[in-house]
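Trainee: Here's the letter readout for the chains.
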Amino acid sequence: MGTSFGRGGATTFQQDLQNADCILIEGSNMAECHPVGFQWVMEAKARGATVIHVDPRFTRTSALADVHVPLRAGSDIVFLGGIVNYVLQNEQYFREYVIAYTNAPVIISEDFADTEDLDGIFSGLDREHRFYDPHSWQYQGLEVQAASGERDQQYQDRAQAATVRQAARGEAHGSGGAEVGAGDPERDETLTHPRCVFQILKRHFARYTPEMVEQICGVPTGTFRRVCELLTENSGRERTSAFVYSVGWTQHTVGVQYIRTASILQALLGNIGRPGGGIMALRGHASIQGSTDIPTLFDLLPGYIPMPHAHENENLDSFVEAESTKKGYWANMRAYTVSLLKAWWGDAATAENDFCFDYLPRLTGSHSTYETVMAQLAGDCRGFFLFGENPAVGSANAKMQRLGMAKLDWLVVRDFSLIESATWWKDGPEIDTGEMRTEDVGTEVFFFPAAAHTEKNGSFTNTQRMLQWHHQAVEPRGDARSDLWFAYHLGRRIREKLAGSAEEMDRPVQDLTWDYPVRGPLDEPDAEAVLAEINGWDAESRPLSAYTELQDDGSTVCGCWIYCGVYADGVNQAARRKPGREQNWVAGEWGWAWPANRRIIYNRASADPDGRPWSERKALVWWDADKGKWAGHDVADFAADKRPDYRPPDTATGPDALSGIDPFIMQADGKAWLFAPAGLVDGPLPAHYEPQDSPFSNLLYGQQRNPVRQVLVFQHPDNRLQPSGGEPGSEIFPYVATTYRLTEQHTAGGMSRWLPYLSELQPEFFCEISPELASERGLEHLGWATIVTARNCVEARVLVTDRVPPLTVQGRQLHQIGLPYHWGGNGISTGDAANELPYMSLDPNVHIQEVKAFACDIRPGRRPRGPARVELVRDYQRRAGITEKTGMEI
Amino acid sequence: MTILGSASGPARRSYDPASESGYPAPPPRMGFFTDTSVCIGCKACEVACKEWNHVPEDGLALTGMSYDNSVGLSADTWRRVAFIEQRKPVADGQDQFRWLMASDVCKHCTHAACLDVCPTGALFRTEFGTVVVQEDVCNGCGYCVPACPYGVIDRRQDDGRAWKCTLCYDRLGDGMEPACAKACPTESIQFGPLDELRERAAARVTQLHASGVADARLYGEDPDDGVGGDGAFFLLLDEPEVYGLPPDPVVTTRDLSAMWRQVGAAAVTLAAGAAAAFAATLLGRRT
Amino acid sequence: MSHAKVTREGLQDARPGREAKPGTPTQRRRTGRRAEQPMVPPAEFASYYGKPVLNTPVWRSPDIPGYLFLGGLAGGSSLLAAGAQLTGRPALARASKTAALGAACLGLAGLLHDLGRPARFANMLRVFKVTSPMSVGSWILSGYVPAAGAAAACALIGRLPRTGAAATAAAAVLAPGLASYTAALITDTAVPAWHEGYREMPFVFTGSAAMASGGLGLLAAPLDESQPARNLAVFGVGIEAAAFERMTRRMGMAAEPYRSGRADAYIRAGQALSVLGVAGALLGRAGGRRGRVISALTGASLLAASAATRWGIFHAGLASAADPKYTVVPQRDRLRSRAAGSPPP
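Heads up: the sequence lines are chains R, V and C, in that order. Taking my numbering, the leading residue of the first sequence gets 1, the next gets one more, and so forth. Taking my numbering, the leading residue of the second sequence gets 1, the next gets one more, and so forth. Taking my numbering, the leading residue of the third sequence gets 1, the next gets one more, and so forth.
No lab work stands behind these hints, which were simulated from the structure alone. Mixed in with the good hints, there may be bad ones.
Stated by the list, open to error - List time: in silico BS3-like cross-link candidates among lysine-lysine, alpha-carbon distance up to 25 Å:
#1 C:K51 with R:K629
#2 R:K426 with R:K407
#3 C:K51 with C:K325
#4 V:K182 with C:K325
#5 V:K182 with R:K578
#6 V:K88 with C:K5
Keep in mind that this is a model prediction, so the values were computed, not measured.
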């Protein structure tokens with residue numbers, strides 16, 4: 001969504017769902033995974049909205065939906081692409097909106113070749129290094145800022161060049177779109193030019209017909225058309241439809257392209273930025289949004305500023321030049337970056353030393369969590385901190401995670417209980433199979449008990465970009481400490497040890513501002529002081545109110561520019577709790593949302609080019625000509641006093657270069673991108689590719705899989721992939737498994753399988769299968785089944801249910817298997833981990849694993865114990881003819 | 001003293017159990033309306049109840065009864081969500097799959113059998129019209145257990161006493177709503193004055209029938225039913241027995257006067273029989 | 001589409017989420033609840049995964065069925081004791097008084113043992129509730145046990161004859177109640193196999209009590225004093241058999257558990273032993289040693305019969321609570337009859 005609209009986050013908030021005329025929930029099981037937020041879907045239903053749930057399984061969400069569409073896991077691009085095609089062919093798009101607010105009229109370079117021309121790939125594919133050069137995707141006539149321009153040729157020649165691209169840009173557009181180059185693009189407002197985005201789109205999606213949807217997704221054409229009709233009837237000028245998605249869309253090798261398809265569709269239907277419209281991205285747990293905003297990610301700095309790469313000649317200026325845009329608010333990236341550097345290095349950061357830009361760590365490739373595992377296995381990564389993370393259960397190919405940790409020198413685990421990632425060395429599955437022996441494990445494991453959210457002050461940033469403060473109720477018991485305490489005091493001690501050092505490499509740590517006040521019997525750092533630093537202050541130490549106040553001369557300090565305003569006036573805005581009944585329906589005085597407390601972003605698009613709401617029954621913000629400002633229920637996501645008829649002069653830069661009809665203010669051209677000329681590594685348009693391991697061939701193109709997906713290479717017999725489609729051996733794994741959450745348990749189980757009240761609600765690991773699959777494989781309800789892939793095998797209790805119906809895909813019957821992924825060996829409720837089964841093949845933009853659709857086999861009975869467990873997997877590999885090359889082709 | 005079982009005619013609509021139990025000016029009768037048509041099966045009610053009341057965990061076995069691993073109401077489960085997967089015929093002759101989800105609870109009957117049969121007076125009627133066990137009085141005789149027509153109250157194993165939903169009596173006293181109602185995200189569990197809830201429920205059933213949900217019906221709302229109406233009643237989307245509820249529950253006390261009459265007659269018969277047994281020996285001697 | 005509006009003034013026509021229409025509209029299952037009803041109730045019934053609707057009684061064997069038996073034995077014995085006292089049969093009187101006390105105490109021990117919190121047994125006397133047969137019974141016991149104790153003590157020691165006589169009389173006054181209230185105890189529940197028999201169960205119980213105490217008299221008293229016991233026993237068998245037959249016939253489906261499984265085994269045993277007992281009582285009037293042996297066997301048989309019947313009734317109740325059909329089907333039939341306008345069964 002960052003590439004499409006300018007910010008990588010939900011475009012709306014859950015309470016806005018009540019205003020929708022139609023809600024499509026796909027790639028999400030909202031009632032089970034976001035039950036409290038689901039009440040807003042119920043509000044919509046109470047007002048007559050239609051709710052559609054598209055999901056391989058009939059879930060608790062489906063039970064409350066008006067239409068349930070079962071489909072094959074991993075085929076959503078076809079489904080959504082089919083709707084795009086329907087909209088385009090039947091002219092159901094909101095034409096005025098599309099012309100005014102999207103890049104539909106823009107003409108694309110004549111060097112561009114689409115998947116239509118190249119049987120499933122785009123122009124610019126470097127087959128040897130497996131990456132796309134996006135030059136041919138650019139807007140016609142624009143000079144592409146040499147994003148690679150300043151980089152030294154030497155660096156280009158280095159072997160890691162490819163991996164630099166792999167350390168990709170997708171996440172970097174969390175708040176600021178990609179650059180398109182200087183100048184204004186050529187446009188055709190009639191949308192008829194053969195190389196305008198609109199026509200390219202039409203050609204590209206023309207093969208996504210209802211018949212193809214039926215063949216590939218298993219959705220009957222009648223059902224598919226009904227969904228199309230419901231969506232189009234409920235979109236346009238007078239009505240809006242909302243999309244809700246979660247990790248059912250992101251956890252694929254083409255996950256980002258799923259979201260791109262949805263973004264294209266919602267932009268064509270004119271739903272973005274309007275009440276009851278938008279895309280409600282539901283994040284996977286309570287503060288994941290926060291963990292990308294103030295990131296725990298290797299490739300981002302706070303506020304989605306990209307982490308710099310290790311280029312010899314890169315200084316602050318060239319970095320900003322390469323990363324920022326000419327137009328829009330991302331043009332002020334230098335101010336955001338400098339303010340961040342001042343927050344971190346304070347007085348040591350001056351204009352003379354580039355504000356300590358050189359102190360920032362540099363990337364030499366992708367260092368995602370899965371690469372880290374590879375580095376551990378190779379012996380390059382020696383130490384590991386796990387803060388509230390349980391990869392031995394929660395990450396794909398769990399065995400690799402544990403084997404990786406076994407190669408470490410030291411491991412630090414912080415959690416509430418002794419999770420599996422802390423005890424694998426003595427009771428993990430590899431001890432039982434004999435693949436690991438405790439006495440041979442050289443890793444020194446430290447466990448630090450963690451304080452719970454009730455035992456510390458802090459904030460959550462939830463799925464709708466809203467920060468909510470939580471207050472400490474009790475002191476943590478025993479040795480439990482908060483993460484803030486741990487990080488702060490660890491840093492303090494390291495600084496004490498380095499205090500006398502004259503080494504250049506120690507300066508970045510020595511020069512840090514590390515002076516938060518500490519309080520209480522445990523010397524807990526004052527979390528509000530941290531929040532105040534995140535918000536920032538000016539040269540007179542006054543708290544800032546908006547990121548527009550940030551300067552690039554070092555006079556402002558700001559720990560995260562998108563959070564600037566959360567501590568405006570010295571008041572903790574995130575702690576506000578004005579009850580909803582005392583406010584309007586947007587309730588802007590509860591908590592604080594970024595950016596600038598806007599709850600629906602891109603809300604300029606809720607009004608037409610003249611500033612009037614497209615419909616008086618969907619009025620969110622509008623231009624008040626008398627006051628010369630934007631008025632409405634939400635904070636306008638626009639310059640407050642910019643007139644709708646403002647057109648910038650040619651020399652304008654930054655925010656002033658945005659016109660009065662550029663709602664997508666973080667985009668380089670102010671428009672929603674139907675076609676993404678930059679920003680994503682796997683294509684400017686979504687194309688359907690099969691999952692890494694699939695029982696089916698790609699019916700749409702010759703290209704079977706995402707050609708630039710990230711496949712982690714490590715030569716280990718349990719890091720194998722499977723043959724797919726028509727390849728020999730694919731029939732050994734004829735079923736499709738999908739993993740998911742249950743309401744009663746939480747992620748990798750560290751927070752739920754140790755609690756009796758939750759454990760008794762879902763006490764055992766089970767698989768959900770249809771009666772047809774049960775009789776095909778001889779499985780019994782409440783019996784045991786073993787599920788096998790090329791990586792590992794697990795055992796689960798069997799639940800035979802009608803809720804996982806077989807589908808007819810490409811002329812034959814497909815059975816799907818549901819696997820909740822919460823279980824591991826420790827706690828009150830124990831079982832095998834579903835994540836033993838999937839592989840480490842990732843989306844190349846955001847490095848997310850594909851755990852939502854993978855091929856497998858299932859058989860009755862419990863799995864073997866001891867070495868026989870490994871032997872069973874090897875046997876499958878042999879029968880399927882699997883080698884280290886299987887599945888690795890482009 | 002509780003009512004000795006009403007006559008066979010309908011109960012008076014204005015019967016207020018709190019007043020009848022001797023409270024001089026009780027507050028309005030409070031209760032639950034559980035509208036199962038908006039339940040999303042999240043089980044927040046189960047967890048909130050256990051947390052607030054420190055009810056112990058009661059079983060870590062997978063039941064295979066869809067997503068219901070709590071099985072039924074008991075001493076250690078006071079709120080429990082039932083799950084029923086069904087195929088139902090739809091208007092155009094096809095089969096539609098549906099998943100019924102319903103949060104069950106103690107009914108706090110107007111005429112409560114458990115209360116009637118409790119020999120120690122541990123079970124009593126509160127001023128809110130609810131039925132609560134005094135845990136410092138209960139000696140675990142277990143009489144309430146088979147008396148309940150809904151199979152709610154039960155005896156806790158290691159503890160020995162009878163336990164059930166208190167309608168969060170301790171929270172009501174402070175003007176708060178019960179924990180389950182507070183936790184429910186979709187207002188499937190609605191708490192309030194019973195009269196208000198009954199009106200709301202009637203309107204809701206009408207609304208559902210009008211929009212084609214013919215199966216919707218109220219359960220336990222009718223003051224003329226066999227227990228005098230429930231303080232916690234429901235909107236169901238199928239027959240009660242599908243959810244594990246009795247179709248036509250009757251408070252056993254309704255037949256109690258007849259029972260005592262029969263007991264009396266039998267006692268007299270026994271005494272007469274004994275007398276006759278001795279008199280017959282005289283007969284034998286005479287002849 | 002949504003009929004609410006997001007206007008410049010704010011939300012209009014908003015509705016709370018609890019008014020949401022559920023997902024799938026369904027066809028009416030029947031054309032009308034009051035319309036044509038099937039004449040024959042369907043063989044199938046719905047339940048929740050076959051799980052019971054009611055909670056199974058937590059009362060345990062041998063405590064509770066044992067108490068039912070012993071209570072009846074005690075009650076009947078006190079009546080025999082009083083009669084024996086009045087008609088000058090001291091051996092019978094003494095045996096009956098001892099039996100009454102012994103049975104009462106043993107039964108009481110069983111009751112205490114069955115309590116979840118035995119230390120709180122005295123709470124039974126906090127209140128007196130007519131709606132609770134257990135409350136009534138507790139009060140009966142609290143009068144009866146001292147009376148029976150005094151009666152037996154005086155008889156055994158052979159002192160305080162007037163006290164003993166008064167105690168015997170008092171026990172005899174309470175005795176019929178003791179022997180019959182337990183029927184109300186079990187029928188005043190929701191358990192189908194018990195509740196549906198509430199009209200006849202007291203007669204089954206008192207008949208059984210008569211049978212047991214008569215049997216004890218035959219067993220423990222000398223032949224020349226045991227005639228009343230013999231008469232009472234025969235009387236009891238007759239009453240019990242007739243009442244049981246009528247009860248199970250009237251109960252309809254709820255009588256099924258009496259004829260299957262464990263309950264059936266006990267009931268049949270009880271019936272067989274009763275027949276033996278009656279035979280022995282009527283035919284075995286021989287004198288001397290043979291007569292004594294027959295008398296003793298007859299007595300034992302009758303005691304066993306009474307016990308077997310109590311155990312059978314107990315298990316039938318448990319079985320009827322454990323199977324949902326005994327709750328659902330009769331209630332569903334009742335609803336159907338009511339809907340069709342015919343009187344409830």
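Trainee: Now, for every hint given, state plainly whether the structure supports it.
Mentor: For each hint, the structure was consulted:
no. : hint               : in the structure
1   : C:K51 with R:K629  : violated, 66 Å
2   : R:K426 with R:K407 : holds, 15 Å
3   : C:K51 with C:K325  : holds, 10 Å
4   : V:K182 with C:K325 : violated, 36 Å
5   : V:K182 with R:K578 : holds, 19 Å
6   : V:K88 with C:K5    : violated, 34 Å
Hints 1, 4 and 6, counting from the list given before, are not met by this structure.
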